[in-house]
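Trainee: Now for the letters of each chain:
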Amino acid sequence: MLVVLFILIPLLAGLGIFFTRNEGQAKVASLGISLVLLALVLYAMYQPAGSELTTYSRIWLGSLNSHFSFQLDGLGKITTLLTAVSFPLIFIATWDNHYKDASHYYALMLLTQAGLMGVFLSTDALLFYFFWELALIPTYFLVSKWGGERRIPVAFKFFIYTFTGSLLMLIGIIYLYYKTPDLSFAWESYKQVQLTFTEQTWFFWFFFVAFAIKMPIFPFHTWQPDTYEQSPTGTTMVLSGVMVKMGLFGVARWLLPVFPDMAAKMATPVLILCIVGMLYASLIAMRQDSIKRLIAYSSIAHIGLMCAAFFVNNPYGYDGAILQLFNHGVNIIGLWIVVDIIERQTGIRNMNELGGLAQKAPWMAALFVVVALANIALPLTNAFVGEFLMFNGLFEYNPWFAVLAGISIILAAVYTLGMIQKVFYGAEISQAAFKDLSKAEGLAMLTIIALILIVGVYPGPMIKLGQQGMEAVQMAMMP
Amino acid sequence: MPIEYYTFLACIIFGIGVIGVLTRRNAIIIFMCIELMLNAVNLLLVAFSKMHYARAVASGQQDVISAASEGQLFVFFIMVVAAVEVSVGLAIIVMMYRNTHNVDINYLNRLKN
Amino acid sequence: MTPYSYLIPLLPLLGFLLNGVFRNSLSKSAVGIIGSGTVLGALIMSVLVFMEVKGDPTIVTLFEFIKVGDLSIPFSLQIDPLSSLFLLIITGVGFLIHVYSTGYMHEEAPAHYARYFAYLNLFVFSMLLLVMGANYVIMFIGWEGVGLCSYLLIGFWFKNTSYNIAAKKAFIMNRIGDLGVLLAVFWMIQKFGTVSFAGETGVLAQAAQLAVNDPALVGITLLLLLGATGKSAQIPLYTWLPDAMAGPTPVSALIHAATMVTAGIYMIARSNIMFTLAQTTSGVVAIIGLATAILAATIALRQNDIKKVLAYSTVSQLGFMFLALGVGSYVGAVFHVMTHAFFKALLFLGAGSVIHGMHHEQDMRKYGGLKKMMPVTHFTMLIGCLAIAGIPGFSGFFSKDEILMGAFAKSPVLYALALGAALMTAFYMFRLYAMTFMGKYRGDESHPPHESPASMTFPLIVLAILAFAGGYLGIPALFAPNAHWLEHFLEPVFAKSMAITEAHAIEHSTEWVLMGVSTALIVGIIFFAINKYKKYSDNGVAESGLGKVLANKWYVDELYDAIVVKPILGIGNFFKNIIEKAGIDKGVNGVGKGVLYLSRQFRLIQSGNVGNYVLMMVVAIVGFIWMVYYLKL
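Protein chains in written order, with this note's numbering: chain A, 1 to 479; chain B, 1001 to 1113; chain C, 2001 to 2633.
These are calculated hints, taken from the structure and not from any lab test.
Quick caveat, the model's predicted, so the values are computed rather than measured.
Glycine included, C-beta positions come from ideal geometry on N, C-alpha and C.
The reader is advised that the hints may include incorrect statements.
[Said to hold, decoys possible] Facing chain A, according to a computed beta carbon distance under 8 angstroms, are these residues of chain C, among others:
1) 2052
2) 2056
3) 2066
4) 2145
5) 2161
6) 2179
7) 2190
8) 2192
9) 2548
10) 2578
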């Protein structure tokens, strides 16, 4: 029962906030709602699997045998937690931003959250698709209304790109529906689908491309740098922190259990794609002048690793990847917070024109450096645990893959330190007044850093949480 | 006379009708060509009806009347429809002529926009 | 005290947090007290722990760090002879350098002063974690942590872009090595299913069961070696260390001479059984060490920046340690780590004192005649130079002699080459000494140099005593049988390796001859160097020929730039501008443009002419009939 609230609360609150006129009210209401939701999610984390609170199922489209069914299982716990944690963080971090038609902005943000929650909780394929699109639509409006100067074409490209992927997935969902033994959209039925080799090949790639576009991995990624650059920062945080995890989540929830044989067979080509993409994105990130695009490409590289880890078919890769879903989401929000502050205060995005901010804003610099170090997976940060496990999984699968992918660790250091050096060190820019972190921003950054260090030093509980989810996947992958 | 003669004739008339519709631009002539096509079909229907009647008689079938009349019934239907069509169509053409002083159908390309 | 040994790294961490968080509110003296005090606490703890050390390792497990599948990595610390010895070196030298820093960094603004001590404490924490970690992953945490602190401290004066670039270079070079370590750890997990050092099922016990030159063992050790070359500045990854001199001088003394750069040696000594069994790798270690020792020594001959000379000297001495590891003389390597920590820290701090006195002038051509102006610095530096050169009685003599003997036991050729490097060491060190302290003062007369404050000279004196006396912990059997305390102390750590490498005992007579020859040569070289440089005057003539090549460090940086950095940047540009923009993105946009184009073409069909529509209708009908009757669809 509780799980329905995860979706209903932001959905109804979002619709309600549409009608408020006052910016302050909308802000406070959104933050309050997201905090309430966080509290509920944290409460649900401790519920045993299969408890009454964490499942819900009613007939939705009876004639199609589709159910309105949700379940908070292990896999969903990590992503739900990420969604619940990141929205309050985003609201706090962008507290000082002022948007035109603020109530609409906040309403759309909450609707996005509702969509995301739905994606991570639904156990019915049609429902999954429904929320998948529901999350996309508010984002489109957010980008096209509050984005940068090229927002219209960029939002259009983003929408068409991801929509193409969704359609492929829809075809797959419908085809598989007719192959289920009991003609149902339920996840359990999908796992029992028997397909011929040709069918498996086709639909594996249909689903994979749909998810790959969302993640995104090479070569389906070109919507991403543009969109990150042009979106309003809050939306960029949602996109990069949570929404791209939809693709990875889709792989773990739908692709691997439904096509276990094909996933094992196709692992090598998928891994090659991911690793090529990691190196490719890292090399491009090295040559970026725009700080936003640099982070965007760095994210592509990291996502590539996570996607690869889902296909290595051993517990190291799975547990590392599912843990990293959470870590990457938290860390990248931290990066965007600082980038947003810099851009808001100086209006500069080109790193070569920045410099010396460490003198003007020492706290911001110090906290940013910690997040950046988490971005390059330094030990005792959360990303180290995830990447260590993922690389170990990759090594178990094929040592040479680990070596090649490992090069991206070095490249990550090159571009991340280059960014720190250009933005924070060196000669000061002429900007007379540069304010350090405000209270709200500081709170958000400190929360993120606390998460980074806690998970980095004592990752046990988080790993366990992820393991619960990946056990089901592993069971399916076992022949 | 063998049935083929009728079918060939009907085909030729139908073809003339089609070509006329496609090539002529005068609305009245197009109208007449459509009539030609309809009548080609009528001709066929009558011919086949006759053929079926002859076969039914030859095979000693009981219900020879219905075998002979079904095709001819359709002809009446078509003739009625054609008459209605002509009355409506000609009215349109007259209205068109009143407005444009022209019966060239290519003049009527407002559909484009 | 051993169960509380987790306090040893925790204290500096506490200092880091206090100094880091309250850096704007703490006074300078409070910062200094917190910074040095926590390290002093760690030192006291280390001494207490050291006294309790027995042969067998004691494991202190704090909590489960990572547990996935069958792999369990506890967050645990290990106390055994090797780690406790390193604990003493790190906290001891670390404490002295903290004290020294309170004087050296006194001109900094309070916030930066606190930042400096925070970084320094963080470094000590990471380094302690590195040597105390009971498995390769915890060691790796410290391993990357020290790299980070090195990065932060090299770029401490972050307004200067070239310093930042040096810091970045150090971090990236280290990262290349770190990747090697990481891969080695993965390989161990695959091969042994664990990463712990000790215990029946530990990596080392399992590795000891394997055959000589087992392929997996050779692979693992080669990858570890890659990591060690990065951290310990060996060929091919040594170029960051000389650049790292951009950091404050105490940092160079602590990180880039005494402790962090010896992490590679620690790791190999820790994994000694694997390296002993992987004889191929041992050979590579010896060759790399020797080559580095010689290459760096030749470069040091022609450097004029006092810190650069010491930096290349460090690289060269680290090469000696690698040589010792490669020839199986693990005790010799650890011994040299210890004595080197004393005398090289002393030399760096002495150089720092000179630089401080000379108002941040580092060019030796501007020095001269400082003997009278800075007597304490001069005297302690002289002891340091004598120790590093290997004059009998000083600590460097004992450790270097042990390495040379180990090399001789393996092959006289190795010995000869190593001796050559040792002779060059004597030459460049006394070139430094003569150019700095002898002759006439060549600097700015208006700002005469002055002796440094007591906070700086006190550590110098302590280190000078250690640099003199440290060698007596390892008196060779030649002088007195069974007097080699260190060998005895470290025996449990290296027992398995020693059992495999049967000792090539050298005849005592041979040893006497070799020792005599090398000592005579070194003394001769020292007099030669002093004579050559005591009346040094800058004649302004540019170096030419070999001297120019040496002064330009064999152009290795330029070579790396041309064969590694430029191509990678080029590929990056190619991807960014060609593949990404003109390839993929154009392809994607092309699909969109194609759709628009097609729709524009299709629009032409809708001409609005009734005739056209009719024609299409007829064509379509004919098409359908054709499909149905002829294609039988």
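Trainee: So, for every hint listed, does it hold in this structure?
Mentor: Against the structure, the hints:
Interface hint status for residue 2052 of chain C: violated, as the beta-carbon distance to the closest one in chain A is roughly 27 angstroms, over 8 angstroms. Annotation: residue 2056 of chain C was flagged as interfacial toward chain A, and the flag is violated, the nearest CB pair being 28 angstroms apart, outside 8 angstroms. Nearest Cβ of chain A to the Cβ of residue 2066 of chain C: about 6 angstroms, under the 8 angstroms cut. The hint holds. Because the beta carbon of residue 2145 of chain C sits about 6 angstroms from the nearest beta carbon in chain A, less than 8 angstroms, this interface hint is met.
Satisfaction of the interface hint for residue 2161 of chain C is found here, the shortest Cβ-Cβ separation to chain A being roughly 5 angstroms, below the 8 angstroms cut-off. At about 5 angstroms, the closest approach between the beta carbon of residue 2179 of chain C and any beta carbon in chain A falls short of 8 angstroms, and the interface hint on this residue holds. With 8 angstroms as the threshold, the beta carbon of residue 2190 of chain C comes within range of chain A, its nearest partner Cβ sitting at about 6 angstroms, so the hint holds. Taking 8 angstroms as the C-beta contact cut-off toward chain A, the hint placing residue 2192 of chain C at the interface is violated, the least distance being around 13 angstroms.
For residue 2548 of chain C, the shortest C-beta to C-beta distance to chain A is roughly 31 angstroms, which exceeds 8 angstroms, and the interface hint is violated. Hint status for residue 2578 of chain C: violated, given a least beta-carbon distance of 11 angstroms to chain A, over 8 angstroms.
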